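Engineer: Residue numbers (my numbering), protein chains in the order written: chain A, 1 to 512; chain B, 513 to 825.
Just to be clear, a hint being listed does not mean it is correct.
As the list claims (entries may be wrong) - For each label pair, taking beta carbons as the anchor points, the in silico distance ranges come out as:
(1) Q199/A with P733/B: 53 to 59 Å
(2) L460/A with V665/B: 43 to 49 Å
(3) L495/A with G582/B: 25 to 31 Å
Said to hold, decoys possible - Below are the DSS-like pairs computed for lysine-lysine, each with C-alpha atoms no more than 27 Å apart in a straight line:
(4) K95/A with K450/A
(5) K133/A with K563/B
(6) K563/B with K125/A
(7) K118/A with K72/A
(8) K563/B with K450/A
(9) K133/A with K72/A
(10) K450/A with K125/A
(11) K450/A with K361/A
(12) K305/A with K346/A
Bear in mind the hints are in silico, worked out from the structure with no lab data behind them. Bear in mind the structure is a predicted one, so any value in this text is a computation, not a measurement. We put the CB at the ideal spot given by N, CA and C, even for glycine.
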Amino acid sequence: MRIRRFPTAGSAGVVAAALVLAGCAGAGGGAAGQSDPTLDIATMTFPQSLDPVTAIGGALPFFQAAYDSLVKREPDGAYSPMLATGWTWDTDRTKLSLTLRDDVRFDDGTPFDAAAVKANLERFKASSGANAKWLSGLERVEVIDATRVVLHLDAPDPAYLYYLSDAAGLMANPAAFADAERLKTTPDGTGPYELDAAQTVVGTKWVYRRADDYWGERLPFDGVTMTVFDNETAIVNGLKTGQIDTAVVQDANQQASLEGATTLTTTPVDFDYQGILLFDRAGVVTPELADVRVRQALNHAIDRKTMLEQIRRGKGAVTSQVFGADTVAYDESLDSYYAHDPEKAKQLLAEAGHADGFELKMPRMTSIVSDAIAASLQSDLADVGITLTWVDVDQGDALRRIFQDREFSGFVMNNGQPATDWLAIKDLVLPGTFNVFGYTDETVRSLVPKIQAAQAEDALDELRALNRHLVEDAWFVPFYRMTYALVTDGGVTALPQSGMAVPSLYNYQPTG
Amino acid sequence: MLRFAVRRLAAGLFLLFVVSFVSFVLLSVPNLDVARQLLGQSAPQHAVDAKTAELGLDQPILARYAQWLGDALAGDLGTSWFTSENVLTAIGHRLPVTLSLMLGVTLVTAVLAFLLGVWAGVRRGAVDRIVQVLGVVGYALPGFLVTLVIVLVFAVQLRWFPAIGYIPLTTSVPGWLSTVTLPILSLSVAAVAGVSQQVRSSVIDVLRQDYVRTLRARGLPPGRVLFRHVLRNAAAPALTVLGMQFVGLLGGAVLVEQIFGLPGIGSMTVTYTTRGDTPVIMGLVMTTVVCVVVINLGVDLLVGWLNPKARAA
């Protein structure tokens, strides 16, 4: 909700005053003290296109404006009905039955029904979208009748409701699939807003206007503008001057610069953690890492507390676990499992037969590994005898060398912590994605099937045991969870979204 | 004059072709793994391979260049790999933003730099020393520092101008002025400092010429000597510098565009080059070359008009 107050500048002369007044009126806001019903969101993430198959987490609000999902994800991560009014699993959790609304139509009159769900899910699975892999286990979609559909899976997948509340659940008009190029820039969904193509500048600013015939509960804003910036300095200045209603500010220094702004409200958001994503536990590239004591030594060598203070001004919380605080597997006591203890690290290295240390090569992407982080890690590891050699790579090159060529034993990255346990397990523990060498062990092999066959809440003991095992066996070297700031001006309130860096579009409300 | 202009235009077309080829090859050298960037780290290799083929990146460089050139000659610069936006449309949206800055800065620079330079060159003494000191300070101040101070003082603290954003001229003239004033001010500091020194030197050089002494000796009024004879000859080198400044702003406005959140082609160039979005980068390169050719032609014609001897060069 934009409230503009650019005071007149009599002292600046006639020209400046005229410009000031012009700026007040021309920049789109109301006069001082008035508010307009448009929500102005600033972000540094933008969608590749508005075709749902390309949707990814940080850009989800762009899609939520124009599309509804089968399942709605509430701010606390709970699932509630949206286009699907209900769902049930069969006993072996490989058949998910959905009941659908019968009163929803796309703009051209095409009904939203079971056939539309089948067409969307099959298209999503077959696409080259970043999240298409989510539906790799979807064997077929069975249409029972217009409002009932059954998803047949080749194996249980506890994250399925998450997928259907995220990119995979966004329902587009099947009639639009024939012209996929058009769908990239012209969304065709049943969502609460419609894209205002005349005001939208793709790549810079997306403008949405309320869909008057929306079937569901009206969101409180008549319009939503999402503007993409390539730096947080501009976002912070926009927040301070009331030109932006809300944004998530990640950089610790930018967060600090907001501390004196009394008109802004800041809510902490914990999503990303930073650490060494170690995946060479079999010692393929760096043989020393095959010894658990060496991996534990790495963990003891890192001075997490000092890094957090120096690099992020203390904005975050040190941790030794990769599971986020919103997951069932999270165990608060594991955050402090590896204390900074260089002597113990040296002792562990000596016991492993590496008292003279060894060399660890890691790729350095300067967008993540700043000079401060690079120097800090080199210094901490050098203290225990490990020579950390940074290999400078640009981002695109790094992805190929890490994931395709398997050139490194691990790398420092900022990784999101999903609120859904199974997502974390699929990404980090199972062979694939971030387990490029496919490493596993007996404990993981015994726990994962039990976790996979149950809802997370029913597998608490197994999830906690898995988390503890990963920490004790030093599968990773996490440093800290990074606290971001969800900033809103005086006219808007926003709730953080569990498991996402940015709030869902449904989480914003005007103040008062 | 016409032959001169046609010759320059032909050279410009040749330049356009050469730059397009060299740029395309250079963009193809680094293996940025665009497909994986698009699909994310966790995408399976078969999906990455499929995307690579979809983008045509599995084809030889020459085949890809021939395809791009053919499409470009037909007026189709393609679609952004990362935003699915038509390249011509994307540049069409952003070019007016940068052109607004370039024209504004050039106008401010032309007026202020010529006034200061002529004043210093003619008056000399204390005035000259003050202008020189201001010139050195203005040129030496880091651009980012000047921009940050300007935005903090005039936008964040005083709220006289918006801190971010751009309002098109077609939407609101006052609104447009309000959004480009601070960026133009930021960019003008160094530009005025540089060009005013060039004007000053040129004016002093011309004032020392024999023909000026002769004109004065013949009793021509000082104003007529200055405006009709001295400035006409002193303007040529300053115009060349001004033209170079103008061209430099095509890329040099990046920082200002970023700090003010202006959706211009400067910040666009940085963003898309980092990603390796070849269709957009090629479109930007072509746009820049066309601008450079047109501006240089304009400057050459102007200099030629001021000094006919230059046309023979």
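Engineer: Evaluate each hint against the coordinates.
Structural biologist: Taking the hints in turn, this is what the structure says about them:
1. Q199/A with P733/B: 53 to 59 Å: 57 Å, holds
2. L460/A with V665/B: 43 to 49 Å: Check failed, 56 Å falls outside 43 to 49 Å.
3. L495/A with G582/B: 25 to 31 Å: Given range 25 to 31 Å: violated, Cβ gap about 52 Å.
4. K95/A with K450/A: 18 Å, holds
5. K133/A with K563/B: Distance ~14 Å between K133/A and K563/B Cα, so the pair holds.
6. K563/B with K125/A: The hint holds at about 15 Å.
7. K118/A with K72/A: 18 Å, holds
8. K563/B with K450/A: Violated, because 36 Å separates the two Cα atoms, which is more than 27 Å.
9. K133/A with K72/A: Holds: K133/A and K72/A sit about 21 Å apart, inside 27 Å.
10. K450/A with K125/A: 26 Å, holds
11. K450/A with K361/A: 36 Å, violated
12. K305/A with K346/A: 20 Å, holds
Hint compliance for this structure: hints 2, 3, 8, 11 are broken, all remaining hints hold.
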